[in-house]
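Student: Kindly generate the complete structure, drawing on both the sequences and the hints.
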Amino acid sequence: MIDDGEVSRLVHLEARLLDDQRFDEWIALFTEDCRYWVPGHPEMSDPTEGPSHFHDDRQLMRARTHRLANPRAFGAEPAPRTAHVVSGILAEERDGAVVATSSQIMLEWRDRDGFEADKRLFGGRVTHRLRREDGVLRIAEKRVDLIDAEAAFNAMAAPL
Amino acid sequence: MALHDPQATLDPAALVRSDAVHRSVYTDPAVFDLEMARIFGRAWLYLAHDSELPAPGDYVVRHMGTQSVILTRDKDGAVKAIHNRCSHRGATLCAFRKGSAPHGHQCPYHGWMFEPDGALRFIPWHQGYEGQFDKSEMGVAQVRLETYRGFIFGNLAGEAAPPLDHFLGHMRSTIDDLVDRSPTGRVECGPYVLRHYYRANWKMTFENLNDTIHPGFAHAASVVSAKSVAQTLERREDLAPTLGMMLANGKPVQFFQDLDMITAPGGHSYIGGHMGADYSPDTQDAYTRALIDFHGPDKARDVLRVDRHLMLLYPSSFWHARYQTVRILRPVRHDLTEMIGFVFRLVGAPDETYRNAVEYCTGANSAASPVISDDLEIYERCLLGNAQGPREWVPFSRGAHEDRERTNAFTRTPATSEAYIRNQFAAWSDYMGRA
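Chains F and U supply the protein sequences, listed in that same order.
Our numbering applies: residue 3 is where the first sequence begins, and numbers increase by one.
Our numbering applies: residue 2 is where the second sequence begins, and numbers increase by one.
Simulated from the structure, these hints should not be mistaken for laboratory data.
Ideal placement from N, C-alpha and C gives every residue a C-beta, glycine not left out.
Treat the hints loosely; a few may be bogus.
As the list claims (entries may be wrong) - One-sided and incomplete, this derived list gives chain U residues near chain F with beta-carbon spacing under 10 angstroms:
| hint | residue |
| --- | --- |
| 1 | ALA15 |
| 2 | VAL17 |
| 3 | TYR130 |
| 4 | PHE134 |
| 5 | VAL180 |
| 6 | ALA219 |
| 7 | HIS220 |
| 8 | GLU339 |
| 9 | ASN366 |
| 10 | SER367 |
| 11 | PRO415 |
Tutor: Structure below.
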């Protein structure tokens, strides 16, 4: 039985922790064997089929977010600010797992030359595959299908 | 067909000295326009692999400098390339990056229909042109192609260009390195590509990717972060490959000083020697057995012994043979550049080999790569910074007197040398100096 309120709270909390740059708490929402995946093409069904924008296990999620706090991470100097907009959460059961899909937009700003290019929009469909461990609902996989997945992107430091 | 050469008011020879280059080569749109005509209009540019066009009618759209071209396999099995422009009103013929057009390319405007080689097949309401022109004169211009071991190169200078073999020279051996690593002698391009872009000059990538001094500084944060995670692991072999890539940036400068850099005529270069490989399938028993079955033990040993990190094929592609990744550079404007990453499957190798290559390409070409994102930031800062202050010359004299060996085919220097940048600007001057 899916608890829509519980799923919705988790999806919203995950986005909020990213925006607040509380990365240790963010990673704690995921299972040990988790996957954080932003495919390079919407038709990819598995990250082994081709290169991705993000294809992280827990180690890489930790290294990536550790880096964001380092003043010598030039690609994130100064660090970006983000605001996620989360909408249209639908939870359903697929193959015995709880899967939540949502529409998300992330607004990102990083102070560079002070003009329009400093502000960017990323968006698309986010799929959370969830698993209950010791009574706690955790994220086993977060997949972000950007609407422009095949496009070229400029440097991305903040997780989507 | 040669591109129009902008009547240059600038003198390229005045922009390059033996030890430095004038900053305007990175910031001046007029320099960029001349580069498109004289460098990208003359060099052999890697466009596509044979396996991307398996069937007649299959096509891909690629760029040669700022020129969009369509490569199509014709009904006889040959690949032909034409400019992406209808010969009537000038609309582009293809809107998709790849697809199948078994009946030819039809212009969406008035329906003119072209063969893969650009020949005009028919014009709707052709009676309107009665006596006006000969259909055979209204084809789309073709682009000269040549292939080396399945890799298709194009040249906008047509018959004026020297053969591809001459252009590749010693660098053929890196393409051999990629193909010979296949236990069937065949490689296949993967179905997905990965792109990033940056707001700076195209030459920044060429001048950065064989630079072995910058990783310890530009990528210092990646090293620190990867170390902080590595320290928490119980077993070193549990380290994820991408973290290995991040850590590799922390190698001491002496490590690179001991490696060789090879530069060759045409602006090409690679770093070689005992680089080692975290993503290489060399260590996989099943892979090695398959390679020995195909090549025999002696040849297989020779194939696996080649240790080249990254070949820069000036001015438009980057070859990571050991990780089956090839990247194409697309210059868009003087201050905008796109990089497109392709992964190749060594046909007959275990699945893990392809997975490793995919992970490598993700680490090497994603805009979100902890390593690449720092490089892109640096490129953009150089564009901004080069517009500041009175200093006009950018030095590239590091290691100027450290040549280790000179042959007709190549020059060998320490891998810390900026010999590869000097070599690129020697080629640049040669291309740019010819009207």
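Student: Among the hints numbered above, which are violated by the structure, and what are their numbers in rising order?
Tutor: 1, 2, 3, 4, 5 and 11
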